[in-house]
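Go ahead and model the full structure; you've got the sequences and the hints to work with.
Take the sequence shown: its letter number 80 is residue 80 in UniProt numbering, and every next letter is one higher.
Please keep in mind that the hints were generated in silico from the structure rather than gathered at the bench.
One thing to keep in mind: the hints can contain errors.
Unchecked claim - With a straight-line cut-off of 20 Å between C-alpha atoms, the simulated EDC-like cross-links for lysine to aspartate or glutamate are:
(1) Lys570 with Asp333
(2) Lys535 with Asp410
(3) Lys463 with Asp410
(4) Lys570 with Asp537
(5) Lys367 with Asp353
(6) Lys123 with Asp149
(7) Lys688 with Asp629
(8) Lys382 with Asp333
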Amino acid sequence: MVSLTRRLGALVVLAVVLVALPALAETPAKIVATIASPAGTLAVRVELDGEGRPAYAVTRRGAEVIAPSRLGFLFTDVPKMERGFTLAGQSTRTVDETWEQPWGEWRTIANHFNELRVRLKEKAGAARELDVVFRVYDDGVGFRYEFPDQPQLKAVRIADELTEFAVAGPGAASAEAWWIPGGEWNRYEYLYQHTRLDAVAQAHTPLTIRLADGTHIAVHEAALVDYSSMWLRRVEGTRLKAVLSPGAQGPKVVRAAPFTTPWRTLIFADSAGGLYQSHLELNLNEPNKLGDVSWFTPQKFVGVWWEMHLDHSTWSTGRKHGATTANVRRYIDFAAANGIPGVLVEGWNVGWDGQWFGNGNDFDFKKPTPDLDLPGVAAYAKSKGVRIIGHHETGGGVSHYESQLGAALDYAQGLGIGVIKTGYVADAGQMERVDPDGTALREWHDGQWMARHHLLVVTEAAKRHIAIDSHEPIKDTGLRRTYPNWVAREGARGMEYNAWGEPKNPPNHEATLAFTRMLSGPMDFTPGVVSLRGKGDTPIASTLAKQLALYVVLYSPVQMLADLPENYLKYPDALAFIKAVPVDWSDTRVLNGEVGQYATFARKDRNSDDWYLGSVGDDQPRTLTVTLDFLDPARDYTAHIYRDGPNADWHTDGHPMTVETRTVHQGDTLTLPLARGGGAAVQLVAGKGH
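Structure (structure tokens):
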């Protein structure tokens, strides 16, 4: 009896399973197209499942690193594009070229990829079409959607993308990630979290991942034009989904077909340094549209800035106003005496009095304050070989700024200003947009409307031979290739947090930025605080040698000497290195690095045969050994080494610094002891050939 009951029970269970199987089973996907990278390192396959849902997958050296991941769109006014597709056509091509940057970390960039274009067509309904284009490099993959011209889909109102990135590969389940939250009030200015990948919530890009086998992956986007920024939301396990930054009026993106989306990018490397060495983001942008941009010269600058963050002076007028004629002339004199080409002046214009944060409609970008003779100080600067760097803080009043943009840029051009730092200080989601009919709306810093705004500023500035350094920006996606006057951005926690931040930037902050934020492009971090003190004489988690190393590690073609002039005079050795270090390079090598632990960069001066080396660490003392195999074998080099002294420690005193000089050759090694919060900087001066 017991045996019969068990057998009947088993038959019932089997019947349930057999009935359930058709509902649970997924129809096997059909591979409809494949493409490999030039050397075969990476390969992409495109699949359609039994219901016509498209997906892509990526293998690296034969192992799957991105499992099948969805493609498609949700719209606000028509059915989604996600299933019911058939393959309507495909084509491939190969490009192998080299192009030159007018300025940057590398003079020449190799652009070698294989491209696959697939056309997907709905089998029923409106029979809409969608192209997906993949460019496969040996170190990464970029793909984008292209909406063709078609009568059944002219106005495209995107609610969101369905794009996924399903991270796979050995050890994916225990993969690590470095990320900052997306869609939160402080824009991009968060400390990076280091968690398991399956603990990521919603993140900005670049998102950096390390698999258990050491494979590093960076997820980002390229050529963000007239579109909303992509955030990443983890939906399950290690599967990430694209989430577009919101728009103020429902759809996140509104475009008229035909158009293309930004590229979704994946960089793969065996090390953190390999991620940085990739040129994928730049290569996926269009070539220079501005022509000759020799009117912009990469430069260093000082400025009326740090003193305000220390509360020694104010942006607003009154007794403590920083941007006075006398004070600006003081900075000009220091710059001229030390060969520094630029002086930034913040708080120069009317509008800083009262509550300007998130409320910038009182700013006048053509009217200096009564205590600043800006035309006079600009002429004084010119007489000393120095140029004023402009500042346009919008306070989030973006439409107000646009209403003055042309006149403001004309005014700056008339004063000989060649670089303008723009600012958008307001909480995320609070950019003020006023439409022509007077309707006031609130937009996100990284939504489609702001993407349009930033390109308007950049292109209008280019007409007047002015370069733009954006703060509180939309993120960098390599557009400096297309618009080479967009020279730098902030877009992360910069040095100002070391003045008043609670907490300040921790010792591992810069070694984290090197392999996260810096993967997107130049950052105006504003290094060089040699006093190592913040507001209220509070300590900064850095040594003096590390402040020098930042000029090499954290790249920008406009680099600030952020500290007060009098502090540089107290540390002449540090000032000597800062004056010597270039801001424009012909080559860059990452010699070593682990995300958030340490990073060593070597860069070659674009205007000489000299090399410079910078190394930064975290809160652990360590000794790094680097091999100088990048040097010219036919030359001797004089190495001027600035490293942490034996007693240097940011917890007690970060100022002890050992300065030494010796002759080195290709293949020699340097031993660099890094203190807690420490670093090292090296100037390698090329001698005559032999």
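Hints and how they fare:
| no. | hint | result |
| --- | --- | --- |
| 1 | Lys570 with Asp333 | 17 Å, holds |
| 2 | Lys535 with Asp410 | 36 Å, violated |
| 3 | Lys463 with Asp410 | 10 Å, holds |
| 4 | Lys570 with Asp537 | 16 Å, holds |
| 5 | Lys367 with Asp353 | 14 Å, holds |
| 6 | Lys123 with Asp149 | 18 Å, holds |
| 7 | Lys688 with Asp629 | 18 Å, holds |
| 8 | Lys382 with Asp333 | 11 Å, holds |
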